[in-house]
Amino acid sequence: MIHLPNVQSTASNSLSDCQTVASQFRTTINYTATTITGTTGVNVTCSASGIVCPGTTINGVCVWQRKLSAVCRNASGVIKIRIQTNGLPPRCAAVPSSTFAELNVDFEVNFNPDVSINSLNSDLSTVASLSQTICTTSSVSSVPSASGYVNYGTTGLDTATGVAVDGVMMFTSDSANNYDPFFPPSGGTAEQVDSCLAHCQAAGIYHYHIAIGCQVNPPTGNISACASVSNCSSNIATYSISSFSSYQTKTVTGVAKDGHIIYGPYLTSGTRVTTGFDVCNGMFYDSIGNYAYFATSTYPYIVGCFGPGNYPSFGPNCTTNGVSTYNMSSYAISFLSSNSTNSTTASTTMVTNSTTVHSSASISGRINFDTGLILLLITTWICLY
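First residue of the sequence shown? That's -9 in our numbering, and the numbers climb one at a time after it.
Read the hints as simulated data drawn from the structure, not as lab findings. If you're wondering where the values come from, they're calculated on a predicted model, not measured in any experiment. Hints are supplied without guarantee of correctness; some may be wrong.
Ranges of calculated distance between the beta carbons of each label pair, as one might list FRET restraints [claimed, not checked]:
#, residue 1, residue 2, range
1, S314, G177, 20 to 26 Å
2, A192, Q9, 33 to 39 Å
3, T46, S2, 38 to 44 Å
4, G50, T22, 34 to 40 Å
5, T47, A217, 22 to 28 Å
Every residue, glycine too, gets a C-beta built ideally from N, C-alpha and C.
Please build the complete structure, drawing on both the sequences and the hints.
Rendered as structure tokens:
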């Protein structure tokens, strides 16, 4: 008997699902505050030598308070998560100059909203359109309406993609010059970060462009600049992934502004995510229909745009560390239907327990499964069952 997949394209977005994710945040209060900056935080103490202090300096010691809240609620059947943070880390930071400021970040969004590969938020059919979207700091200024995003804070979040579980902001994967901040194209200059791969921009917002184990396991004591750590300075992308060596399972690292979860570089199985993601760095990763962003060693590293996006056979031109072809996960392929409006050619990959099968699905307006793809699906699921 032939068994075809029973796929339900509905995300895990119950109140308990939301609370499970919220519990991964290093919160300092368990309620939604009138203003997060008005709450009593948790002290962080570091040497003030050679750094900008975002708090108070007394006898060579810098002290600041970190403040963070992540609260879920049921709003007439829609589960929402509200995140408030002052943006200061629960660990020391190496910010040698510029401004390092306390923030008032406060936004609410529908938690893990249902999305479909047959209705894309980002469908980028040329190198130019891909690069003009994910290679600009404004690529995440607009959030899909289905996310129900509301900004209650006074800190502008146009270039923010979300908040990490340590309360530090996550920014787009672009420098102020609109290219990869770590692997710029010829003529570009790489940005400097500390060994937790964060730094401040002109307004003093301390932020990440790339994932790091510091987000889930903050180090103690003072930290140094990335340039002073050989593994970090030699290849920051490899250093990023290696920092999750103790977290080789699906690990929450943050929540994006569109309500989707941001994970580290591994799936529950312990498999590292190196393919299966779209132009936004998001992926359909299970048969339920869950879509999330995963940390990768290739640009855009965390979130490039708000997905789901398409899977073109080319990469952006603003990095020397991008992918040349985007491949669908087997779950993404399973969700494809004849109602798809994806107008590009998708290079797809179906991954089974023992075999990886490559195919190319030409998608234009309505998708009609050809005989080869149907046979491919049937053959794959015969092998599974």
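Against the structure, the hints:
{"no.": "1", "hint": "S314 x G177: 20 to 26 Å", "in the structure": "holds, 21 Å"}
{"no.": "2", "hint": "A192 x Q9: 33 to 39 Å", "in the structure": "holds, 37 Å"}
{"no.": "3", "hint": "T46 x S2: 38 to 44 Å", "in the structure": "holds, 43 Å"}
{"no.": "4", "hint": "G50 x T22: 34 to 40 Å", "in the structure": "holds, 37 Å"}
{"no.": "5", "hint": "T47 x A217: 22 to 28 Å", "in the structure": "holds, 24 Å"}
Violation of the numbered hints given earlier is absent; every hint is satisfied by the structure.
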